[in-house]
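There are 2 protein chains.
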Amino acid sequence: MIQIGILGLGTVGTGVVELIEKNQVNISKRIGDHINIKKILVKNINKERSSLVEGKITDKFEDIVEDEDISVIVEVMGGEEPALTYIREALKRGKNVVTANKEIISKYGKELLKISSANNVNLLFEASVGGGIPIIRPMKQCLSANEIVKIMGILNGTTNYILTQMTEKGESFKDALKEAQIEGYAESDPTDDIKGFDAARKTAILSSIGFNTRITPDQIYTEGIENINPVDIEYAREMGGVLKLIATCKKHEDNVEVSVTPVLLKNDHPLASVMGTFNAIMVEGNAVGRVMFYGLGAGKMPTASAVVADIMEAIKNKNGTKVHCTCYNHLNVMDPGLAMSSFYLRLRVLDKPGVLSKISGAFGENQISLSKVFQKNTMNGTAEIVMVTYDVPFKNLQEALSEIKAYKQVVEISSVIRVEGES
Amino acid sequence: MIQIGILGLGTVGTGVVELIEKNQVNISKRIGDHINIKKILVKNINKERSSLVEGKITDKFEDIVEDEDISVIVEVMGGEEPALTYIREALKRGKNVVTANKEIISKYGKELLKISSANNVNLLFEASVGGGIPIIRPMKQCLSANEIVKIMGILNGTTNYILTQMTEKGESFKDALKEAQIEGYAESDPTDDIKGFDAARKTAILSSIGFNTRITPDQIYTEGIENINPVDIEYAREMGGVLKLIATCKKHEDNVEVSVTPVLLKNDHPLASVMGTFNAIMVEGNAVGRVMFYGLGAGKMPTASAVVADIMEAIKNKNGTKVHCTCYNHLNVMDPGLAMSSFYLRLRVLDKPGVLSKISGAFGENQISLSKVFQKNTMNGTAEIVMVTYDVPFKNLQEALSEIKAYKQVVEISSVIRVEGES
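Chains as they are written, first to last, in numbering that gives the first Met the number 0: chain R, 0 to 422; chain E, 0 to 422.
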């Protein structure tokens with residue numbers, strides 16, 4: 000009988016308890032042993048709870064970490080503290096740790112993997128990226144003969160749900176967000192999701208594994224989706240594309256380019272058809288080519304699926320850790336100004352002769368070529384200009400746009416969105 | 000230094016040699032050791048070969064299996080014999096074995112895993128299904144907390160390429176096959192691919208793993224794509240769908256339904272957009288929901304990617320096998336006649352009054368309801384009737400069709416194709 004302890008009994012913690020109960024027959028056959036949840040750490044021991052957890056509840060971490068019978072501790076509290084302190088302590092005491100905590104793994108993964116190796120225990124975190132989608136173990140094991148050259152992903156279900164609603168129903172960002180909150184796909188404070196912070200944490204984990212170097216969330220150029228206008232989605236559709244919040248990680252010699260930004264994806268891109276709360280990750284290796292992993296990136300049971308599989312793996316790896324830190328490279332994170340991309344731009348200008356030529360001039364001076372220019376919506380003496388550039392360093396575009404912004408004929412630079420697969 | 004031996008130097012064997020050379024720096028860092036290919040078994044030692052394999056070539060299996068230094072033997076010869084004998088012998092001598100051989104694993108996997116366990120060595124076969132796509136390890140590890148309820152996949156790149164050409168260019172099966180042969184995507188004898196035998200072997204492996212029971216290729220109801228007519232593809236398009244060769248595995252209590260057949264997939268199905276030589280596998284678990292794995296299912300470097308990753312895994316699992324046989328269930332394979340499905344039917348009948356009512360009568364007598372009936376192409380006194388049924392046991396449909404076939408007003412039953420997602 001394997002005894003485990005769980006830290007946290009929120010959505011994911013409850014899912015873990017339910018899943019271990021629901022699939023216990025198969026789980027036992029697969030690992031050749033039974034899993035018993037011995038103790039669960041909660042904040043409020045007086046709250047009424049399901050009979051499944053009767054007699055297991057405690058509000059003292061010591062009850063779990065000092066229990067000699069417990070060999071696996073599952074951290075599903077979320078947030079940085081006290082979870083980080085608890086994980087450190089558990090590893091140092093020789094407990095295997097399974098966590099779904101992307102915040103902690105993305106910031107402190109290196110230190111924690113070092114502690115787990117030193118103590119010959121497992122630190123597993125498959126659920127920290129992509130919920131139930133197998134991605135971390137496949138990258139560390141199945142794709143390990145490759146040099147990974149590129150990773151692109153839709154890593155946040157909340158923003159993908161909002162963008163899907165905006166695309167399918169023509170809703171505003173605000174309305175789609177409200178709907179996501181009502182449906183339970185967005186939190187009451189949605190900042191982490193809509194500003195791209197959640198996706199950036201997952202991107203840090205994936206790019207660190209993919210490129211064997213340490214990349215932390217603060218090194219990742221991040222834009223959210225809060226400024227996306229339904230009109231941009233409409234124009235994207237006219238060009239045969241969709242807007243998605245995309246994590247992009249590319250290897251250039253000793254540099255890595257890594258960002259989380261809205262991207263206009265052409266419809267034939269494998270990530271373009273990923274709708275609603277689904278996530279998908281495309282990994283490109285120098286042998287395997289492009290492989291993609293797709294599924295529900297969040298939610299009680301999908302996340303519990305990954306957590307319980309990690310518990311089973313920790314139990315099977317009795318003789319110590321299998322997942323070491325593999326960040327043996329020391330690659331630079333590229334200045335986001337140097338990253339090359341095609342861009343979609345939407346501007347509102349005075350509807351007068353010569354304006355377009357003045358704007359084109361500023362682009363020309365900054366070595367920016369345009370692949371498409373449309374004049375769209377004329378009203379009240381102003382016109383909307385939509386342009387798509389060829390690949391250009393972001394810095395050049397920013398310089399050109401700051402010049403253009405100063406022109407008195409330019410009312411507004413409404414949108415600047417990366418385009419994938421244009422040139 | 001880890002010494003390995005390779006059996007076979009065809010496309011995949013050459014890919015393995017090249018990949019170990021190309022990515023040797025990263026591979027060594029990841030496993031903490033160097034891989035040296037010591038010997039390679041070939042049929043003809045006199046053939047001129049690349050300098051990469053100089054001094055390594057032998058035509059005697061004994062040179063490899065009796066070499067004490069060699070700890071991993073890679074079988075990439077393909078076919079049943081002598082590969083099966085060599086794998087058995089290698090495992091019995093305490094060598095780890097990595098193979099891409101779906102024929103052998105699908106038929107003899109149980110026996111071979113037993114031998115590997117008894118000898119405390121690894122038998123790894125990630126490349127046997129889906130080429131470079133991670134699927135076997137993710138199913139055995141990342142999804143191990145789930146009860147798998149359904150697996151659907153496009154497992155053969157040759158047939159998917161042919162169907163894609165037929166769909167995009169309106170080509171006949173014969174022309175598309177010829178093109179696939181010219182492009183190197185189909186062999187000169189394409190039987191194994193076009194008749195679905197190759198897909199059935201991979202389906203046997205996936206369903207055995209997914210349902211923890213032993214399913215062999217001969218138990219799988221298999222239809223090929225050789226009778227698919229461009230007109231069916233056109234009608235499928237009109238109904239908002241595409242034709243694909245689909246492996247279907249479903250769990251019904253103690254029965255498993257498992258087949259490889261052409262299927263009319265609705266366009267919003269995750270597998271519908273898988274084009275060309277790409278493969279994809281959708282796995283549905285009772286916790287994770289639907290996850291999908293996508294990539295190149297064949298080819299030199301994608302297959303080598305999976306083989307070399309397995310070699311690395313075998314080296315890391317020094318203390319013996321991690322992959323045991325997990326077929327602890329004994330489930331029945333369901334009579335294909337009992338499998339429920341919606342069907343697309345195309346018939347040519349005499350263009351006379353009362354014919355449709357006669358046909359409908361035969362369906363009614365066999366408890367078959369129709370969801371759609373179209374009269375299409377009228378010519379020379381005959382008419383084409385296209386029908387889609389609601390879900391019905393295949394047996395009932397076969398009975399109705401044998402009655403209908405006997406009617407003198409029925410010229411031909413042209414097509415009978417399963418439909419996914421109709422009712």
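By construction, these hints were calculated from the structure, which means they are not laboratory data.
Please note that a few of the clues may not be correct.
Where chains are identical, the list cannot tell them apart; a pair therefore holds if satisfied intra-copy or between any two copies.
What the hints assert, rightly or not - BS3-like mimics (lysine-lysine), calculated; alpha carbons at most 25 Å apart, straight line:
#, residue 1, residue 2
1, K371, K317
2, K106, K28
3, K315, K113
4, K173, K351
5, K21, K315
6, K109, K28
7, K317, K139
8, K265, K394
Hints, verified against the model:
| no. | hint | result |
| --- | --- | --- |
| 1 | K371 - K317 | neither (59 Å within a copy, 58 Å between copies) |
| 2 | K106 - K28 | between (36 Å within a copy, 23 Å between copies) |
| 3 | K315 - K113 | both (21 Å within a copy, 19 Å between copies) |
| 4 | K173 - K351 | neither (33 Å within a copy, 60 Å between copies) |
| 5 | K21 - K315 | within (20 Å within a copy, 33 Å between copies) |
| 6 | K109 - K28 | between (34 Å within a copy, 17 Å between copies) |
| 7 | K317 - K139 | both (19 Å within a copy, 17 Å between copies) |
| 8 | K265 - K394 | within (24 Å within a copy, 44 Å between copies) |
Hint violations for this structure: numbers 1, 4, all remaining hints satisfied.
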